[in-house]
Amino acid sequence: MGLSLLYQSAKEAEGDMSITSEEGAGTVVSAHFKHSHIDRKPLGNIVDTLIVLIAGNPETNFLYEHRRDDKTYSVDTEDIKSELEGIPINSANVIELIRKDIQSGLRNIGAFL
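Using this note's numbering, the letters of the sequence shown map in sequence onto residues 49 to 161.
The hints are simulated quantities; they were obtained by calculation from the structure and are not laboratory data.
For each residue, glycine too, the CB sits at the ideal point set by N, CA and C.
Check each hint, because a few of them may be wrong.
[What the hints assert, rightly or not] Below, in silico cross-link-like pairs of lysine-lysine (BS3-like), each with a Cα-Cα straight-line distance of 27 Å or less:
| no. | residue 1 | residue 2 |
| --- | --- | --- |
| 1 | LYS89 | LYS129 |
| 2 | LYS82 | LYS129 |
| 3 | LYS148 | LYS89 |
| 4 | LYS129 | LYS119 |
[What the hints assert, rightly or not] Ranges between beta-carbon positions, derived for each pair:
| no. | residue 1 | residue 2 | range |
| --- | --- | --- | --- |
| 5 | LEU145 | GLU113 | 31 to 41 Å |
| 6 | ARG88 | PRO136 | 35 to 45 Å |
| 7 | LEU132 | HIS85 | 34 to 44 Å |
| 8 | PRO136 | GLU62 | 35 to 45 Å |
| 9 | ILE135 | GLU62 | 35 to 45 Å |
| 10 | ILE67 | ASP127 | 17 to 27 Å |
| 11 | LEU132 | HIS83 | 27 to 37 Å |
| 12 | GLU133 | LYS59 | 41 to 51 Å |
| 13 | VAL100 | SER78 | 14 to 24 Å |
| 14 | ASP64 | LEU132 | 11 to 21 Å |
The whole structure should be built from the sequences, with the hints applied where relevant.
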């Protein structure tokens, strides 16, 4: 149900959504919205949303990319895990560092927090 609502929201804002999946490699869901469209739904608290997803699903790799004008911020948990040398990505200290990075990254590209 969540994907159908995401698709509907993207279409309402002159955007689109795509899903690609490869067995053994994973699934990519991409949604694009026309930012200035009057029917674009508010993004909500993306920082907390990402933290809940990452902390609650440590075995899943998440790639989040946020673009605003010509600036981009991304967070890739696969890259983070490769740097942790066995420390769980959902440990309290790591999650706090990820939270601060996301907040800083979004602020630097002018995303509203």
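Hint check results:
In summary, the hint linking LYS89 to LYS129 is not supported, as the alpha carbons are separated by about 32 Å, beyond the 27 Å threshold. Distance check on the hinted pair: LYS82 and LYS129 sit about 33 Å apart at the alpha-carbon level, beyond 27 Å; violated. Between LYS148 and LYS89 the alpha-carbon distance is near 25 Å, which keeps this suggested pair within the 27 Å criterion. With a CA separation close to 25 Å, the supplied pair LYS129 and LYS119 stays within the 27 Å bound.
Roughly 19 Å separates the CB atoms of LEU145 and GLU113, a value that falls outside the hinted 31 to 41 Å. Evaluation of the 35 to 45 Å hint for ARG88 and PRO136 yields a pass: the beta carbon distance comes to about 36 Å. Between LEU132 and HIS85 the C-beta distance comes to about 39 Å, which sits within the given range of 34 to 44 Å. Separation of PRO136 from GLU62 is about 41 Å and conforms to the stated range, judged on CB atoms against 35 to 45 Å.
At about 43 Å, the CB distance of ILE135 to GLU62 agrees with the hint of 35 to 45 Å. Checked against the hint of 17 to 27 Å, the pair ILE67 and ASP127 passes, with Cβ atoms roughly 23 Å apart. For LEU132 and HIS83, the hinted distance range of 27 to 37 Å is satisfied, since their beta carbons lie about 34 Å from each other. At about 43 Å, the beta-carbon gap between GLU133 and LYS59 stays in the expected band of 41 to 51 Å.
Between VAL100 and SER78 the Cβ separation comes to about 20 Å, which falls inside the hinted range of 14 to 24 Å. For the pair ASP64 and LEU132, the supplied restraint of 11 to 21 Å is violated, since their beta-carbon distance comes to about 35 Å.
The structure does not agree with the numbered hints 1, 2, 5, 14 stated previously, though it agrees with the rest.
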